[in-house]
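Chemist: Take the sequences, apply the hints, and build the full model.
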Amino acid sequence: MNQTVKPASSGSSIIKTVGAIWSWLFLAFLIVVFEIWARLSFGQTFLFNLNSVQSILMATVQPLLLALGLTFVIIAGGIDLSVGFTVGLASVTAAQVMQSLNSSLPSGIGLALGIIAAILIAMIAGLVNGLLIARLNIPPFIGTLGMYGINRGVAFILAKGTTVPVDNPVNSALGNGSVLGIIPIPVLITLIIVVIMHYVLSQTKFGQYTYAIGGNKQAAQRAGINVERHTIGLYVLTAALAAVAGIIYTGRFTAGAAQAGEPTLLNAIAAVVIGGASLFGGEGKVVGTVIGALIIAVIEFGLVYINVSPFYQFIAVGAVIILSVLVDQSRRSVVGS
Amino acid sequence: MNPLIEMKNISLRFGGNQALSDVSINLYPGEVVGLLGHNGAGKSTLIKVLSGAYKSDSGQIFVEGSEVKINNPQDSQRHGIETIYQSLALADNLDAVANVFLGREKINGVVLDEDTMEIEARKVLDRLRVKIPSLRVPVSNMSGGQRQTVAIARAVYFKAKVLIMDEPTAALGPEETQKVGELIKALKAEGVGIFLISHDLHDVADLSDRLTVMKNGRVVGTVNTKDVSEDEVLGMIIAGTTPKHLANK
Ligand SMILES: Nc1ncnc2c1ncn2[C@@H]1O[C@H](COP(=O)(O)OP(=O)(O)OP(=O)(O)O)[C@@H](O)[C@H]1O
Ligand SMILES: [Mg+2]
Chain P
1 MNQTVKPASS GSSIIKTVGA IWSWLFLAFL IVVFEIWARL SFGQTFLFNL NSVQSILMAT
61 VQPLLLALGL TFVIIAGGID LSVGFTVGLA SVTAAQVMQS LNSSLPSGIG LALGIIAAIL
121 IAMIAGLVNG LLIARLNIPP FIGTLGMYGI NRGVAFILAK GTTVPVDNPV NSALGNGSVL
181 GIIPIPVLIT LIIVVIMHYV LSQTKFGQYT YAIGGNKQAA QRAGINVERH TIGLYVLTAA
241 LAAVAGIIYT GRFTAGAAQA GEPTLLNAIA AVVIGGASLF GGEGKVVGTV IGALIIAVIE
301 FGLVYINVSP FYQFIAVGAV IILSVLVDQS RRSVVGS
Chain X
1 MNPLIEMKNI SLRFGGNQAL SDVSINLYPG EVVGLLGHNG AGKSTLIKVL SGAYKSDSGQ
61 IFVEGSEVKI NNPQDSQRHG IETIYQSLAL ADNLDAVANV FLGREKINGV VLDEDTMEIE
121 ARKVLDRLRV KIPSLRVPVS NMSGGQRQTV AIARAVYFKA KVLIMDEPTA ALGPEETQKV
181 GELIKALKAE GVGIFLISHD LHDVADLSDR LTVMKNGRVV GTVNTKDVSE DEVLGMIIAG
241 TTPKHLANK
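Protein chains in written order, with this note's numbering: chain P, 1 to 337; chain X, 1 to 249.
Please note: incorrect hints may appear among the correct ones.
To be verified - Here are some chain X residues pointing at chain P (derived, C-beta under 7 Å):
id, residue
1, P73
2, N93
3, V110
Keep in mind the hints are simulated off the structure, nothing from the lab.
Glycine included, every Cβ here is placed at the ideal spot set by N, Cα and C.
Modeler: Put into structure tokens, the structure is as follows:
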């Protein structure tokens, strides 16, 4: 009953420190291993090569955009399984709008309208998630699983079952261009969003309420926070970020596809978990999620780079998820409460 | 003098369960009113009507003489009524500063003004003469008493005129219970009116000026603490009848 904050012994403080920065260390470790491997096996550098860095960052874009929204949702004690197909829904919507306006409007305006339509339709999907969860009290896992199916179906119907090619040069530039030939535009967009999300989560009332709801929903409610509205906002935000991923996909592959985000959901959740967020809510950071997404991208790209069969990627990423949760648990048991 | 709070003829039914029938109760500045009664008597329900968690089916609430409508926790807070719950009052993952200001954060533009909030939180806690080593660790790492203090600091900072404490010491050890008792006396001295609910008759009798006993959703009676013996109060709780000579409205 009388537990006060105990001073940590030196041993446990090492575990605490390592626990807090283990994902950084692990990312550095991975890079070093791949670097040594690449040099020994093919006499080539892994990291000191613009192409590799760009590829890793491009591979990070989509899972990270999903993971950013999921970080908020997971901190608030929820989950969103529908985002993968929100990407596809947005991608197909953007493509259809651009294609239908192709002959009548300049490319730039076509793209702008495509983007607006994609974000709007995604936000509607997010709003439905939010209403199901916050107003009708459906568990997030179930509600968003239902929306996973609905988004998927609507996306394939809008795409008429195939991919929707887009013939719009500005769209293609958005997905494939780069700033000064160095920073790919999708990476730049993602970076800007990362900075904004980090700031929102750590410095604003919106972020504070997200943590409070995940920590103790009832206390948040009693403190006068509009939990329902905030929860709905979180799912809308997550869907809007998924739409950005869908728009980038459409630009990059100059086509809309319903399955644009399908394989990414698990990696996105993995990034959040590796980044230190608790699936029970109340904990997580944007920076952690970014590191988590980079770890996954480095593993996937690195294994390809050193010629390991791509199937090992799944095993490696799966192992890292489990490892990250174990590290987190041992850190918690040391910090104790 | 107008009472700080007057609840008149409050009734509330949950389905087939008449949780409150025709309950009237009042509270004066600087006064502690203890609410007693068996489990399920309606104590928590009554104060939840006042704190905006429930809406009564009928009845009136007056704050300093004027009638008010309390439809949600914000309404209640706006009238200077703060509630401290035995549990579930704090967000465990947030630190003391965040909990003191939860829902009413100080901001600088759109950014949380953490420095000001920390200074202000420290001031209130000092005023309550409570030692909390770090205001910047999650409150889950704090003792029960420290946590309860954070909840009270929250109420004090926002200048509560009325404090509702529903079993504030149920999870605390003897020392910490005593500490909360001291806090109650300090707040009372500052003119705060306090509704105190507890199962510990001893505690309540010690701190309260008046006692209101409830049974089956009705008020059995209200008495001045100094006029009654513990046995008489027990009689009211168990039998549900007030000795005529003690009745006091
Ligand atoms: N939200 C609710 N829905 C339905 N019935 C409720 C609700 N809240 C309370 N009740 C009922 O109202 C009655 C009064 O409950 P209340 O919690 O006010 O009792 P109490 O006096 O605080 O008891 P305790 O000492 O056990 O805390 C009980 O019969 C209870 O079951
Ligand atoms: Mg109760």
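Chemist: Next step is simple, just say for each hint if it's right about the structure.
Modeler: Results of checking the hints against the structure:
| no. | hint | result |
| --- | --- | --- |
| 1 | P73 | 5 Å, holds |
| 2 | N93 | 4 Å, holds |
| 3 | V110 | 6 Å, holds |
Hint check: no violations occur; every hint is consistent with the structure.
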